[in-house]
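So the chains spell out like this:
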Amino acid sequence: AQSVSQHNHHVILSEAASLELGCNYSYGGTVNLFWYVQYPGQHLQLLLKYFSGDPLVKGIKGFEAEFIKSKFSFNLRKPSVQWSDTAEYFCAVNEEGKLIFGQGTELSVKP
Amino acid sequence: EPEVTQTPSHQVTQMGQEVILRCVPISNHLYFYWYRQILGQKVEFLVSFYNNEISEKSEIFDDQFSVERPDGSNFTLKIRSTKLEDSAMYFCASTYSGGEQYFGPGTRLTVT
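Quick note, the sequences are listed as chains A and B, same order. Every letter in the first sequence is one number past the one before it in the numbering used here, and letter 44, counting from 1, is 44. Every letter in the second sequence is one number past the one before it in the numbering used here, and letter 41, counting from 1, is 1041.
The hints are simulated quantities; they were obtained by calculation from the structure and are not laboratory data. Among the hints, erroneous ones may be present.
[What the hints assert, rightly or not] Capping the alpha-carbon separation at 30 angstroms, the derived lysine-lysine pairs in DSSO-like fashion look like this: (1) B/K1083 with A/K49; (2) A/K61 with A/K49; (3) B/K1078 with B/K1057; (4) A/K49 with A/K69; (5) B/K1057 with B/K1083; (6) A/K71 with A/K58; (7) A/K71 with B/K1042; (8) A/K49 with A/K71; (9) A/K69 with B/K1042; (10) A/K110 with A/K69; (11) A/K110 with A/K58; (12) A/K69 with B/K1078; (13) A/K58 with A/K69; (14) B/K1057 with B/K1042; (15) B/K1042 with A/K110; (16) B/K1083 with B/K1042; (17) A/K58 with B/K1083; (18) A/K61 with B/K1078; (19) A/K61 with A/K71; (20) A/K110 with A/K61; (21) B/K1078 with B/K1042; (22) B/K1042 with A/K49.
[Said to hold, decoys possible] One-sided and incomplete, this derived list gives chain A residues near chain B with beta-carbon spacing under 10 angstroms: (23) V4; (24) L44; (25) L46; (26) N94; (27) Q103.
All C-beta atoms in this analysis are idealised placements derived from N, C-alpha and C, irrespective of residue type, glycine included.
Whenever a hint applies, use it, and build me the whole structure from the sequences.
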């Protein structure tokens, strides 16, 4: 079965800093990959997804992620974070319809 | 924009009691899911439901759990006899085609 690892449990950044959150999944083949965000007190929202095609995918709010098949990775990036990006971020892979989530990374952005 | 809704937002129950968590998926969606997140742990898949039957269930989803779509709009998760370790946030999700899943806001279940 698939597993997903997120390397950072808690990341603290100042506004305007660049962000990269790591995500690795356990085995290859055809994968559908997702990043979800959960703002405080809100539900999980989709940031971006990769199904096929261009490995660099752009999502909402200036986020992007790069699928690197050889590294089994799908890292999330944003060039300049804002205080409003404070949230928990979850990487997930679709395995036969169900989502397998990573542990989540809590991002705190200091104004 | 259509949303998945869940009720209640918070449920407190005593150990051994039955609880029913309710979800209203997006109306034209065909696939439905329950996930849970124990505090401090990852979001875990519980069960998927398609065409009025369970498609897949995890090891967590034992005989104490059941799901129903009683009326074509609601999708419920029942826990027959709650245990302390059932305390978690329970999320419902739905999708039209099995791709991107849309999540509800969750129900926080506290078992005392």
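query = Do the alpha carbons of A/K69 and B/K1078 lie within 30 angstroms of each other, as the hint requires?
reply = Not OK: A/K69 and B/K1078 at ~40 angstroms, beyond 30 angstroms, violated.
key: 30 angstroms Cα cutoff - pair A/K61, A/K49   = Between A/K61 and A/K49 the Cα gap is close to 14 angstroms, so the pair holds against 30 angstroms.
query = Does the nearest C-beta of chain B fall within a distance shorter than 10 angstroms of the C-beta of A/L46?
reply = With a closest approach of 6 angstroms, the A/L46 hint holds.
task = Using 10 angstroms as the Cβ threshold, decide whether A/V4 counts as touching chain B.
result = Hint holds; A/V4 Cβ to chain B Cβ min 8 angstroms, cut 10 angstroms.
query = Given the hinted pair B/K1042 and A/K110, is their alpha-carbon gap at most 30 angstroms?
reply = 25 angstroms, holds
message = B/K1083 and B/K1042 were given as a pair; does the straight-line alpha-carbon distance stay at or below 30 angstroms?
response = 19 angstroms, holds
task = Below or equal to 30 angstroms on CA atoms is what counts here, so check A/K61 against B/K1078.
result = This hinted pair is violated, its Cα atoms lying about 37 angstroms apart.
key: Pair hint outcome, B/K1057 versus B/K1083 [Cα-Cα no greater than 30 angstroms]   = Given pair B/K1057, B/K1083 holds - Cα atoms ~19 angstroms apart, limit 30 angstroms.
query = Is A/K49 within 30 angstroms of A/K71, Cα to Cα?
reply = 18 angstroms, holds
inquiry  = With the threshold set at 30 angstroms, check whether the alpha-carbon distance from A/K61 to A/K71 stays at or below it.
reply    = With Cα atoms ~26 angstroms apart, A/K61 and A/K71 stay inside 30 angstroms; holds.
key: Given pair status - A/K69, A/K110, alpha carbons within 30 angstroms   = Not OK: A/K110 and A/K69 at ~33 angstroms, beyond 30 angstroms, violated.
key: Given pair status - B/K1057, B/K1078, alpha carbons within 30 angstroms   = 14 angstroms, holds
Violated hints, listed in ascending order, are 1, 10, 12, 17, 18; each of the other numbered hints is respected by the structure.
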